[in-house]
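Q: Residues per chain, in single letters:
Number of protein chains: 2
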Amino acid sequence: MPNYAVGHKTPDSDSICSAIALSYLKTTLGEETVPARLGELSPETLFILDKFGFEQPELKTSFAGEGIYIVDHSDRIQGPDDIDEATILGIIDHHKLGDITTSTPLEIWVRPVGCTNTIIKMMYDFYDVEIPKNIAGAMMCAILSDTVIFKSPTCTTADIKCVEALAEIAGISDAKALGMEMFAVKSAVLGTPIRDLVLRDFKDFNMHGNLVGIGQLEVLDLAIFDDMKLELFADIAKLKAEGNRHTVLLLLTDIMKEGSEMLVISDNADLTEKAYGKTLVDGKVWLDGVLSRKKQVVPPLQDSLA
Amino acid sequence: MPNYAVGHKTPDSDSICSAIALSYLKTTLGEETVPARLGELSPETLFILDKFGFEQPELKTSFAGEGIYIVDHSDRIQGPDDIDEATILGIIDHHKLGDITTSTPLEIWVRPVGCTNTIIKMMYDFYDVEIPKNIAGAMMCAILSDTVIFKSPTCTTADIKCVEALAEIAGISDAKALGMEMFAVKSAVLGTPIRDLVLRDFKDFNMHGNLVGIGQLEVLDLAIFDDMKLELFADIAKLKAEGNRHTVLLLLTDIMKEGSEMLVISDNADLTEKAYGKTLVDGKVWLDGVLSRKKQVVPPLQDSLA
Numbered sequence: 001m002p003n004y005a006v007g008h009k010t011p012d013s014d015s016i017c018s019a020i021a022l023s024y025l026k027t028t029l030g031e032e033t034v035p036a037r038l039g040e041l042s043p044e045t046l047f048i049l050d051k052f053g054f055e056q057p058e059l060k061t062s063f064a065g066e067g068i069y070i071v072d073h074s075d076r077i078q079g080p081d082d083i084d085e086a087t088i089l090g091i092i093d094h095h096k097l098g099d100i101t102t103s104t105p106l107e108i109w110v111r112p113v114g115c116t117n118t119i120i121k122m123m124y125d126f127y128d129v130e131i132p133k134n135i136a137g138a139m140m141c142a143i144l145s146d147t148v149i150f151k152s153p154t155c156t157t158a159d160i161k162c163v164e165a166l167a168e169i170a171g172i173s174d175a176k177a178l179g180m181e182m183f184a185v186k187s188a189v190l191g192t193p194i195r196d197l198v199l200r201d202f203k204d205f206n207m208h209g210n211l212v213g214i215g216q217l218e219v220l221d222l223a224i225f226d227d228m229k230l231e232l233f234a235d236i237a238k239l240k241a242e243g244n245r246h247t248v249l250l251l252l253t254d255i256m257k258e259g260s261e262m263l264v265i266s267d268n269a270d271l272t273e274k275a276y277g278k279t280l281v282d283g284k285v286w287l288d289g290v291l292s293r294k295k296q297v298v299p300p301l302q303d304s305l306a
Numbered sequence: 001m002p003n004y005a006v007g008h009k010t011p012d013s014d015s016i017c018s019a020i021a022l023s024y025l026k027t028t029l030g031e032e033t034v035p036a037r038l039g040e041l042s043p044e045t046l047f048i049l050d051k052f053g054f055e056q057p058e059l060k061t062s063f064a065g066e067g068i069y070i071v072d073h074s075d076r077i078q079g080p081d082d083i084d085e086a087t088i089l090g091i092i093d094h095h096k097l098g099d100i101t102t103s104t105p106l107e108i109w110v111r112p113v114g115c116t117n118t119i120i121k122m123m124y125d126f127y128d129v130e131i132p133k134n135i136a137g138a139m140m141c142a143i144l145s146d147t148v149i150f151k152s153p154t155c156t157t158a159d160i161k162c163v164e165a166l167a168e169i170a171g172i173s174d175a176k177a178l179g180m181e182m183f184a185v186k187s188a189v190l191g192t193p194i195r196d197l198v199l200r201d202f203k204d205f206n207m208h209g210n211l212v213g214i215g216q217l218e219v220l221d222l223a224i225f226d227d228m229k230l231e232l233f234a235d236i237a238k239l240k241a242e243g244n245r246h247t248v249l250l251l252l253t254d255i256m257k258e259g260s261e262m263l264v265i266s267d268n269a270d271l272t273e274k275a276y277g278k279t280l281v282d283g284k285v286w287l288d289g290v291l292s293r294k295k296q297v298v299p300p301l302q303d304s305l306a
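Listed in order, the protein sequences are those of chains V and P. Here full-length UniProt numbering is used: position 106 in the first sequence is 106, and no number is missing along the way. Here full-length UniProt numbering is used: position 135 in the second sequence is 135, and no number is missing along the way.
In case anyone wonders, no lab produced these hints; they're calculated from the structure. A portion of the hints provided could be inaccurate.
Each pair may be met inside one copy or between any two copies, as identical chains are not told apart.
In silico lysine to any residue, SDA-like type, Cα no more than 25 Å apart, as pairs [as the list claims (entries may be wrong)]:
id: 1; residue 1: K294; residue 2: E85
id: 2; residue 1: K295; residue 2: T104
id: 3; residue 1: K60; residue 2: K229
id: 4; residue 1: K295; residue 2: P2
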């Protein structure tokens, strides 16, 4: 019976590419490991898989009785629903430490870097395993995605160096150009059902007993959302009610202007004031310089709800 | 303001030596870090510090507003009481993943090996920092202690190789002989107040809402406890009542016979039967081959209390 490597719900490119890269590493080390996904893939991730010749990982949501590596998260709510019935063999992540616990010792690699795949590269180096060309390409794209082509405040020197090294292995001469191509795919939101858009990169957090859902859409130009705002508001309001959530936030991130418009539906009217020092106007607020949910949105919100 | 590296309450040699070794590493990397301890040191640890010329780390129990590295644990109950008011910069540990969470990304090195210092050695290698002779000696002793001179089932090839490498750096020709000398110091329990003995290596665990305290004394010959059993029972019963605990266990481990006698005071009369398949006789049970609290005592108990 193989082990599995699985990222978070509503998988993003980092979750999928790190599951693929870790599975190859562990399998090469003699421990058969298969990548899995907890949900449907975004156009960006499909673009990466297609570009480097990968099939979609197996859709698998139950891991009872199986050995799993958790990648790109450590919050129970973001992982498989029956995570308690699985044996967690390892966690590779770059977020704050969540509430997953285990009853046996395991392998954990967590680093304050921009992308899980940067850590997976460290693991390849540590175990002295060569990275195949196509895996290096997929890892590189995941890092470009998570760091918003190095613009995100989460981006570290380690991420930039890692992209350089992976580009060389993959034989890609202009990594940034490939990153822009990828973000153009990501920006093509027209024609997509509103709920699919809202859930494309959506994570729930348990913040001191309050369920908070935060979605993010990163595009090259926010104007693309101009005619959708009312529909987006209606849908996140629905999402809040359906999930009995305290708050739902949707970040519309402009990667060229380097900031995010935040749409807010919350039980707390003064939520953005308390967390970010900005008053809501018509349920929206522009947060200049904010590109990272993990580093700039979650921590102040979590602290303000303490 | 420096950061701190701190191990668990009732510190053992691994907690102290890993705090010292990590502090040197981080300071060398440009991040001033100071080792601290949460309590009094055991004769074994004092022997190691004396042997390699170290002062006792600073006794410090409050870390509010400070940056800390947590070593050798990841359970809140085992760490500083005001851990929530500190900024956790990293965790280096070899136990099951506990319930510490953070609000910001951090550095975590957890491996299923016999000793935290084996992981710290990996960190020195990763960051390409040379280990000073005296730190290598202290790290080596901590590994010999935690792995019971390689006899514990927690001991891995990585621990053995690490001791070999550290012995070479420290210029020690017979690591095992030094280990035996250390265990002889550890076995000198006569004349020590009973409460000090019980707490010498004592850890509390929150097992599915039940507070369980587990102490362990490792000696070269169990006969040394023959005249103390009644006093030991009386004291762990007191400890159970004082702390409002569900269970207190005391493991008397014979490292030569390679097994442990477990003294039990518990709310569950059938605790050892359910967890270990062994019936208590006069509150005691012999567990053959059991040397490791972490690997052989805690997991089945935690599962049986689920």
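Q: All hints are to be evaluated individually against the structure, with a verdict given for each.
A: Hints and how they fare:
1. For the homomeric pair K294 and E85, the shortest alpha-carbon distance between copies (20 Å) is at most 25 Å, but the shortest distance inside one copy (28 Å) is not.
2. In this assembly of identical chains, the alpha carbons of K295 and T104 lie at most 25 Å apart only when taken from different copies (7 Å versus 30 Å within one copy).
3. Taking the shortest alpha-carbon separations for K60 and K229, neither the intra-copy value of 33 Å nor the inter-copy value of 53 Å comes in at or below 25 Å.
4. Within a single copy, K295 and P2 get their C-alpha atoms only as close as 35 Å, which misses the 25 Å cut-off; across copies the closest is 23 Å, which meets it.
Violated hint: 3 only; the structure is consistent with all others.
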